[in-house]
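**Q** Please build the complete structure, drawing on both the sequences and the hints.
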Amino acid sequence: MIDLYLCHGHVYVWNATDACDLREHHRIVGTFVGALPRLPRQNVRLGRPLQLMPEETTVLLNKGIARLLDGNVPPRTGEDVSQAITEHRQQSFREQAEMCKSDRKRKLHEMASVIAKGRAAKRKKLAQKAMEESSSSVSSSDVSSSTWDQPADEEEPSLSVEEMRELEAKLEETTGYNEQAFLVQILTEQVTEETQEAIPWNYPNTDKEALRCNVFRDLWEKGYFLTSGGKFGGDFLVYPGDPFRYHSFYIAVCQQRTEKMEALDIVRLGRLGSNVKKTVLLCSESETGEINYTSLQWTGMN
Amino acid sequence: MASSGENKTRAVDLTSLLEHPKVITATTNKTDCPVNIYKEMVAYGYNNQEQVHVAMLVVLYLSEAKQWAELDLQPCPALQMVTLYGRPTQADNLQVLVPLGKQADLSPQRLRDFLTHVSLPQDELELEEPDLMTRRVTLAICDTDSTITFYRITDGFVPPDPPEVVAEKKAKKRQWKKRKGQRTQHQQ
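Respectively, the protein sequence lines represent chains A and B.
Here the working numbering is used: the first residue of the first sequence is 1, the next is one more, and so on.
Here the working numbering is used: the first residue of the second sequence is 1, the next is one more, and so on.
Keep in mind that the hints were calculated from the coordinates and are not lab data.
Please note that a few of the clues may not be correct.
Derived PhoX-like pairs (lysine-lysine); straight-line CA-CA distance at most 25 Å [as the list claims (entries may be wrong)]: (1) A:Lys222 x A:Lys277; (2) B:Lys66 x B:Lys39; (3) A:Lys170 x A:Lys101; (4) A:Lys277 x B:Lys170; (5) A:Lys260 x A:Lys208; (6) A:Lys117 x B:Lys173; (7) A:Lys277 x B:Lys172; (8) A:Lys277 x A:Lys231; (9) A:Lys277 x B:Lys173; (10) A:Lys277 x B:Lys39; (11) B:Lys173 x B:Lys66; (12) A:Lys63 x A:Lys122; (13) A:Lys260 x B:Lys102; (14) A:Lys260 x A:Lys231; (15) B:Lys180 x B:Lys169; (16) B:Lys170 x B:Lys180; (17) A:Lys122 x A:Lys107; (18) A:Lys63 x A:Lys222.
Away from chain B, derived, C-beta distances all over 12 Å, residues of chain A [stated by the list, open to error]: (19) Asn15; (20) Leu68; (21) Val81; (22) Ala84; (23) Ala120; (24) Lys170; (25) Thr174; (26) Pro204; (27) Arg257; (28) Thr299.
Every value quoted in this text rests on a predicted model; they were computed, and no experiment measured them.
Every residue, glycine too, gets a C-beta built ideally from N, C-alpha and C.
**A** Next up, the structure:
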């Protein structure tokens, strides 16, 4: 059951999985209206919450796919809540510290051959220097004696197991636990273990709203994707598939069956449709409650 | 605002125009005798002068200006209106047209009435399924200055042309314009 939250007259989806589910399995698109925390000063790409149209909400509630909850409930406060939050944050910091260490270890292993080469080159240099300074007395304290046994030029230098362990131990020591450097997660969705009661949905209220709901439901049941049609001067835009992949085919305009129209309205709607290469769909409800669709197209004669 | 007096004057002017010999011999599909189309429309007895007037303008436009291969009248008793049917060239399908004045009374219900009651002529119906009512109508909307705009209404969903067809049409149009331009150049 998908949770929808009614907040000051608007319906929002906060859960990320639910938002994906609505689109992929229920053909409900909605609109993202939230700022993305890491991309705040733009509105090309927005994030949660997903805002739903009243018609979308009506369909979801009537089909039992979702339930409506009160989004105005303020979060609980108190000592226990504050403690839970602190504990959650500490746990997050511990996990981040672990991740940081394992990340550095991984990098160390990746760089192993480079480190080994560097060390071999350094030893060679020091050895040469020592030889130049005095031929007889070799100060072995400066130079690691184990390397004398190694044939320097022939093999690919690599770190021995002891050397690796030594480096790893150093890493453990130096990787500190610095709370200032950790990320603090601010949850987009307010997670609560409390059960909330569903609240009533008071829509549609007028004939016009009812007509829009019925047209939306009918088109949705036919398998189309629908979004709001404001950009094109209609009630809905009707897509044959996901709006991400297709342009809309129809601009749905809902009209009462006996609503007075002018001939100029036909011309206006027809012009609009032909300019944007979409068919205008006049939707009205018949006496029997069935939705009738009339396609309006320019003929091309003139 | 047009008063009934003005309408009468206009009708009289139109009649005198229509007595012009060229108009009298405007094409009809059925007979070769010259027929006064205007008089025929009035004879339907629908008492709808505005609509008859508009229908006449559409007939003149399509037969003289657009040179349609076929154009005929068809009364529609259910709607008390004059309708037309015809085809631009012999190769095209038969179309049904409903002439409408700018002031015409319209509503979604009325549009559906057009679709259900405006029928194709009988002989055409025999070729298609007998119980298939007309589901596509062209509205010929006439403005006060006699410009006519044509829009088609169809029952159901008519998807727009896919991008390939749109590109094709655009290319054809460009070719036409080019040829037209060349032709006028030659004339000059």
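**Q** Return the numbers of the hints above that this structure violates; sort them in rising order.
**A** 6, 10, 12, 27 and 28
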